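These are the residues of each chain, in order.
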Amino acid sequence: GAGVSQSPSNKVTEKGKDVELRCDPISGHTALYWYRQSLGQGLEFLIYFQGNSAPDKSGLPSDRFSAERTGGSVSTLTIQRTQQEDSAVYLCASSLDPTGGEQYFGPGTRLTVT
Amino acid sequence: QKEVEQNSGPLSVPEGAIASLNCTYSDRGSQSFFWYRQYSGKSPELIMFIYSNGDKEDGRFTAQLNKASQYVSLLIRDSQPSDSATYLCAVKRGRDAGGTSYGKLTFGQGTILTVHP
Chain Z
1 GAGVSQSPSN
11 KVTEKGKDVE
21 LRCDPISGHT
31 ALYWYRQSLG
41 QGLEFLIYFQ
51 GNSAPDKSGL
61 PSDRFSAERT
71 GGSVSTLTIQ
81 RTQQEDSAVY
91 LCASSLDPTG
101 GEQYFGPGTR
111 LTVT
Chain W
1 QKEVEQNSGP
11 LSVPEGAIAS
21 LNCTYSDRGS
31 QSFFWYRQYS
41 GKSPELIMFI
51 YSNGDKEDGR
61 FTAQLNKASQ
71 YVSLLIRDSQ
81 PSDSATYLCA
91 VKRGRDAGGT
101 SYGKLTFGQG
111 TILTVHP
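Quick note, the sequences are listed as chains Z and W, same order.
Throughout the first sequence, residue numbering follows our numbering, covering 1 to 114 in sequence.
Throughout the second sequence, residue numbering follows our numbering, covering 1 to 117 in sequence.
By construction, these hints were calculated from the structure, which means they are not laboratory data.
Keep in mind that the hints are not guaranteed to be accurate.
One-sided and incomplete, this derived list gives chain Z residues near chain W with beta-carbon spacing under 8 angstroms [as the list claims (entries may be wrong)]:
{"id": "1", "residue": "Glu-14"}
{"id": "2", "residue": "Ser-27"}
{"id": "3", "residue": "Gly-42"}
{"id": "4", "residue": "Asp-56"}
In silico DSBU-like pairs for lysine-lysine, Cα to Cα no more than 30 angstroms straight-line [said to hold, decoys possible]:
{"id": "5", "chain 1": "Z", "residue 1": "Lys-57", "chain 2": "Z", "residue 2": "Lys-15"}
{"id": "6", "chain 1": "W", "residue 1": "Lys-67", "chain 2": "W", "residue 2": "Lys-2"}
{"id": "7", "chain 1": "Z", "residue 1": "Lys-57", "chain 2": "W", "residue 2": "Lys-67"}
{"id": "8", "chain 1": "W", "residue 1": "Lys-67", "chain 2": "W", "residue 2": "Lys-56"}
{"id": "9", "chain 1": "Z", "residue 1": "Lys-17", "chain 2": "Z", "residue 2": "Lys-57"}
{"id": "10", "chain 1": "W", "residue 1": "Lys-2", "chain 2": "W", "residue 2": "Lys-42"}
{"id": "11", "chain 1": "W", "residue 1": "Lys-2", "chain 2": "W", "residue 2": "Lys-56"}
{"id": "12", "chain 1": "Z", "residue 1": "Lys-57", "chain 2": "Z", "residue 2": "Lys-11"}
{"id": "13", "chain 1": "W", "residue 1": "Lys-67", "chain 2": "Z", "residue 2": "Lys-15"}
{"id": "14", "chain 1": "Z", "residue 1": "Lys-11", "chain 2": "W", "residue 2": "Lys-67"}
{"id": "15", "chain 1": "Z", "residue 1": "Lys-11", "chain 2": "W", "residue 2": "Lys-42"}
{"id": "16", "chain 1": "W", "residue 1": "Lys-42", "chain 2": "Z", "residue 2": "Lys-57"}
{"id": "17", "chain 1": "W", "residue 1": "Lys-42", "chain 2": "Z", "residue 2": "Lys-17"}
Keep in mind it's a predicted model, so treat the numbers as computed, not measured.
All residues carry an ideal CB built from backbone N, CA and C; glycine is no exception.
Here chain Z stands alone, though its shape is the one from the complex (with noise of 0.2 angstroms):
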């Protein structure tokens, strides 16, 4: 069946934009994860979903950051007035549950503040 998707998978913006970065889980999985990647920093930890509810948002950065999801579905990450330290690879990742079952990655979004 389908994996998980991401969009775009590249995104350019300027310093002090918002941008939107969309997950779109594996039919069926109600828990959502989104991480981020950086040379620096490795594979982080950013905010879970368990249906339509946050249990866990500690990994978000600063409150610039953001995301939701409806439907137990789709999400949308948020990052507002981007610094040049947001540039990173954000991956989003689906499991049936978060307790149990195993985690399975999209491609990605790049994402370059200039």
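Given the coordinates of chain Z, assemble chain W onto it according to the supplied hints.
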């Protein structure tokens, strides 16, 4: 101390050899353990997961878990050049460990493996 540590590598092995990748973790509440393979420019791909002490085999891959030693490893038998990639170890807390952080994966920095012909 990092939460998840992997042997820094890079690791280079000849084709046909066994590649051994190691990972230690600090959180005793960790219950689930995963190995991801990541090719350059691509996203992580799940290749093995293990939840119980002991060995788990899947084709050329064997994952080994020792919770008492807080150690997990991945063996790749008959290594092929196509196995050349970065291997990421990831751990997840159990729900009974408390808190709401049981959903997230915590990753090591990865080990670069090169299999040369």
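Quick rundown of the hints versus the structure:
no.: 1; hint: Glu-14; in the structure: violated (24 angstroms)
no.: 2; hint: Ser-27; in the structure: violated (18 angstroms)
no.: 3; hint: Gly-42; in the structure: holds (5 angstroms)
no.: 4; hint: Asp-56; in the structure: holds (5 angstroms)
no.: 5; hint: Lys-57/Z - Lys-15/Z; in the structure: holds (24 angstroms)
no.: 6; hint: Lys-67/W - Lys-2/W; in the structure: holds (17 angstroms)
no.: 7; hint: Lys-57/Z - Lys-67/W; in the structure: holds (28 angstroms)
no.: 8; hint: Lys-67/W - Lys-56/W; in the structure: holds (14 angstroms)
no.: 9; hint: Lys-17/Z - Lys-57/Z; in the structure: holds (23 angstroms)
no.: 10; hint: Lys-2/W - Lys-42/W; in the structure: holds (25 angstroms)
no.: 11; hint: Lys-2/W - Lys-56/W; in the structure: holds (26 angstroms)
no.: 12; hint: Lys-57/Z - Lys-11/Z; in the structure: holds (24 angstroms)
no.: 13; hint: Lys-67/W - Lys-15/Z; in the structure: violated (45 angstroms)
no.: 14; hint: Lys-11/Z - Lys-67/W; in the structure: violated (42 angstroms)
no.: 15; hint: Lys-11/Z - Lys-42/W; in the structure: holds (16 angstroms)
no.: 16; hint: Lys-42/W - Lys-57/Z; in the structure: holds (25 angstroms)
no.: 17; hint: Lys-42/W - Lys-17/Z; in the structure: holds (26 angstroms)
Of the numbered hints given earlier, the model fails hints 1, 2, 13, 14; all others are met.
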